[in-house]
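Those protein sequence lines, which keep their order, are chains A and B.
Numbered per my numbering, the first sequence finishes at 205, counting up by one with no gaps.
Numbered per my numbering, the second sequence finishes at 96, counting up by one with no gaps.
These are computed hints drawn from the structure, not numbers from a lab.
Mixed in with the good hints there might be a few duds.
Said to hold, decoys possible - Heads up, simulated SDA-like pairs for lysine to any residue below, C-alpha to C-alpha not over 20 angstroms straight-line:
#1 A/Lys38 <-> B/Ser16
#2 A/Lys38 <-> B/Val17
#3 A/Lys38 <-> B/Arg13
#4 A/Lys38 <-> B/Gln9
#5 A/Lys44 <-> B/Gly10
#6 A/Lys38 <-> B/Ala21
#7 A/Lys38 <-> B/Asp3
#8 A/Lys38 <-> A/His49
#9 A/Lys44 <-> A/Ser112
#10 A/Lys44 <-> B/Val14
#11 A/Lys38 <-> B/Thr12
#12 A/Lys38 <-> B/Arg11
#13 A/Lys38 <-> B/Arg15
#14 A/Lys44 <-> B/Ser4
#15 A/Lys44 <-> B/Ala18
#16 A/Lys38 <-> B/Ala18
#17 A/Lys44 <-> B/Thr12
Said to hold, decoys possible - If you want the footprint, here are the derived chain B segments under chain A, 3+ residues with CB under 8 angstroms:
#18 3–10
#19 17–24
#20 28–37
As the list claims (entries may be wrong) - Across the chosen pairs, the derived CB separations fall in these ranges:
#21 A/Thr198 <-> B/Arg13: 49 to 55 angstroms
#22 A/Ile168 <-> B/Ala19: 28 to 34 angstroms
#23 A/Arg171 <-> B/Ser4: 28 to 34 angstroms
#24 B/Asp3 <-> A/Ala159: 37 to 43 angstroms
It should be emphasised that the depicted structure is a prediction, and the values quoted were computed from it without experimental measurement.
Cβ atoms here follow ideal geometry from the backbone N, Cα and C, with glycine treated the same way.
Listed below are the residues making up each chain.
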Amino acid sequence: MDSSSTALWYVSRATGVVCLLLFTAVILLGLLMSRQGKLPGLPKFGVVHLHRYLSLLAVSFITVHAATAVADSFVNISLASAIVPFVSKYEPFWLGLGAVSLDLMIAVIATSLIRSRIGRRTWRAVHWLAYACWPIAIAHSIGSGPDVQHGPLLWLTVACTAAVAIAIVARTAAALRAAPSDAQIRALLADSHTRNRTRIGAAHR
Amino acid sequence: MTDSNRVVQGRTRVRSVAASATAASILAAAGLAFGLPGVTATKASTSTGSTGQKSTTHKTTTTRQRHTSKSKNLQSPTTTPTTGSNNSPQVSSGGS
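Just chain B, same shape as in the assembly (with noise of 0.2 angstroms):
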């Protein structure tokens, strides 16, 4: 095989890497974008009450969800008043 013909043989080769990177660039971002709305995090946070019971709130969060509460604090925290066994209100707040 000729030099020439090698370097054409490599560029096309080359060529094919760089359709095929593409192409993989944008099926990715096309994935990630119908994805990322199912990629969730859960976190945990434990909040304990004056009588010292411990409760634990899981709270699943999309990413948008993070987005709203950090962009515009449009979402308040979730406040649930609840009520401890010595009849005083307690007020735990679940994390986002």
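Chain A with its partners taken away, still in its complex shape (with noise of 0.2 angstroms):
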């Protein structure tokens, strides 16, 4: 086993950790950003530009995570199998997890940089998709990264997840408070319809 081969695995795994910060505090920022939240000492816009600012960082580290990954000579990575998902010889399972993650995060991010031209509602469903990219990324780094398993990156990732899945929880309670309750349309139904009737009755008067 020569160093530069040890070198290159380590800076994979120390990218993918990155990675996965990135990721997380990306998915967090989005969540902020659909509740129209702001961060502390920023403007309201700045929650966005981050969002997009980290997101393409996250990119970046990404790159450097499978290009280290296949350059690795260690471990026989084809550069196909860090896009395609599950034809890598090594692991193919967990490696193909993190291309399905690689290639939803692509889908997401060039439909972002494209979003006037695509329209809001087609922008909107493929960005759905970060929500089942978020998730497979944190299965392909449990998978595939034996230090993930135990020992303070176990715990990172515990916490990268307990603060996504307390977010996700925080947005779909607010989303159930403001969407209006039967009740509530009933009476708007009933109103508006009182409302016509009084308008005709008057147009025949």
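Make the complex out of the two chains shown on their own, each in a separate frame, by following the hints.
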């Protein structure tokens, strides 16, 4: 085992961990954005800018993560297996999950960059994939990285998962609170019905 | 303060936060790349011999060693022939 291969291995692991942190931050900022929230000390548009910036930064780290894994001569990971899921000879399932996650991320970021051309509806539909992409990436890191299965890196993964889970629960609760109840909808319909009848009555008179 | 001044100030703050995040990410990656070899895992494996004697082996493995044994099976499990109290040979294998 030569030292350059070992160095590439550790760089790949390290960039993978940083990707996990960055994507967690991106997901949290995205959830904050959807609630029209803001970060202390930053203007409202700051959340949007940071969300975009960190996602691009995460992609650059993920590129290094995949490139160093491919360049590491100790295990045979082809360039194709970094993009095409489940074709790797080494840990095909866990690396396949990584490839799926990368592909979804590329789709989410690419559609965000051409958002004005594809329309809000399509962009939103594709952007929902981010919610699938993140847990797949977590599964990839746990399955393919034995050092994430115990020790400080396991706790880091647990903390990231807990943060995202809490943010999703808070977001869902806020959305449910904001949605009108059945009684409110019925009252609104009855009110508009009464108004229409009054208008029609006045027109007849 | 006018609105445009506020926007300019906000942009500057966002840029500084983005630059800090980039620097922190690079430092974290570098720190982890150097620190990961030090992250070790101690695994205790307990084996019971035919005589009912228990022996506990503590083995410290680095991530790279785990990687090695998982990927290519280059490392065979540590095989230590030992002799039990009834002089029959026992083989205890350390966990990876």
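Hint check results:
With a C-alpha separation of about 17 angstroms, the suggested pair A/Lys38 and B/Ser16 falls inside the 20 angstroms cut-off, and the hint holds. In summary, the hint linking A/Lys38 to B/Val17 is supported, as the alpha carbons are separated by about 14 angstroms, within the 20 angstroms threshold. For the hint pairing A/Lys38 with B/Arg13, the CA-to-CA distance comes to about 13 angstroms; that is within 20 angstroms, so the pair holds. The straight-line distance between the Cα atoms of A/Lys38 and B/Gln9 is roughly 16 angstroms, inside the 20 angstroms bound, and the hint therefore holds.
A threshold of 20 angstroms between alpha carbons decides the hint, and for A/Lys44 with B/Gly10 the separation of about 9 angstroms falls inside it, so the pair holds. Restraint check for A/Lys38 and B/Ala21: satisfied, since their Cα atoms lie roughly 17 angstroms apart, inside the 20 angstroms limit. A hinted pair counts as satisfied when its Cα atoms are at most 20 angstroms apart, and A/Lys38 with B/Asp3 qualifies at roughly 18 angstroms. Distance check on the hinted pair: A/Lys38 and A/His49 sit about 12 angstroms apart at the alpha-carbon level, within 20 angstroms; holds.
The hinted pair formed by A/Lys44 and A/Ser112 meets the criterion: a straight-line CA distance of about 19 angstroms does not exceed 20 angstroms. A hinted pair counts as satisfied when its Cα atoms are at most 20 angstroms apart, and A/Lys44 with B/Val14 qualifies at roughly 10 angstroms. Between A/Lys38 and B/Thr12, the direct Cα distance comes to roughly 16 angstroms. Compliance with the 20 angstroms bound is thereby established for this hinted pair. Among the hinted pairs, A/Lys38 with B/Arg11 is consistent with the structure: their alpha-carbon atoms are about 14 angstroms apart, no more than 20 angstroms.
The suggested pairing of A/Lys38 with B/Arg15 holds, with an alpha-carbon distance near 16 angstroms, which does not exceed 20 angstroms. This hinted pair checks out: A/Lys44 and B/Ser4 have alpha carbons roughly 14 angstroms apart, not beyond 20 angstroms. Of the supplied pair hints, the one linking A/Lys44 and B/Ala18 holds, its CA atoms being roughly 15 angstroms apart against a limit of 20 angstroms. Restraint check: the Cα-Cα separation between A/Lys38 and B/Ala18 comes to about 15 angstroms, which is no more than 20 angstroms; the hinted pair holds.
Our distance criterion of 20 angstroms between C-alpha atoms is met by A/Lys44 and B/Thr12, whose separation comes to about 13 angstroms. Figure legend: the stretch 3–10 of chain B, annotated as covered by chain A; annotation consistent (3 residues with Cβ-Cβ distances under 8 angstroms, at least 3 required). For the stretch 17–24 of chain B, the proposed coverage by chain A is satisfied: 4 residues have a C-beta within less than 8 angstroms of a C-beta in that chain, meeting the threshold of three. By the rule of at least three residues with a Cβ nearer than 8 angstroms to a Cβ of chain A, the coverage given for the stretch 28–37 of chain B holds, with 9 such residues.
For the pair A/Thr198 and B/Arg13, the supplied restraint of 49 to 55 angstroms holds, since their beta-carbon distance comes to about 53 angstroms. Hint check: A/Ile168 to B/Ala19, Cβ distance near 29 angstroms, so the stated range 28 to 34 angstroms holds. For the pair A/Arg171 and B/Ser4, the beta carbons lie near 33 angstroms from each other, so the given range of 28 to 34 angstroms is met. Look at B/Asp3 against A/Ala159: about 39 angstroms separates their beta carbons, and that is inside 37 to 43 angstroms.
The structure is consistent with each of the numbered hints, conforming to all of them.
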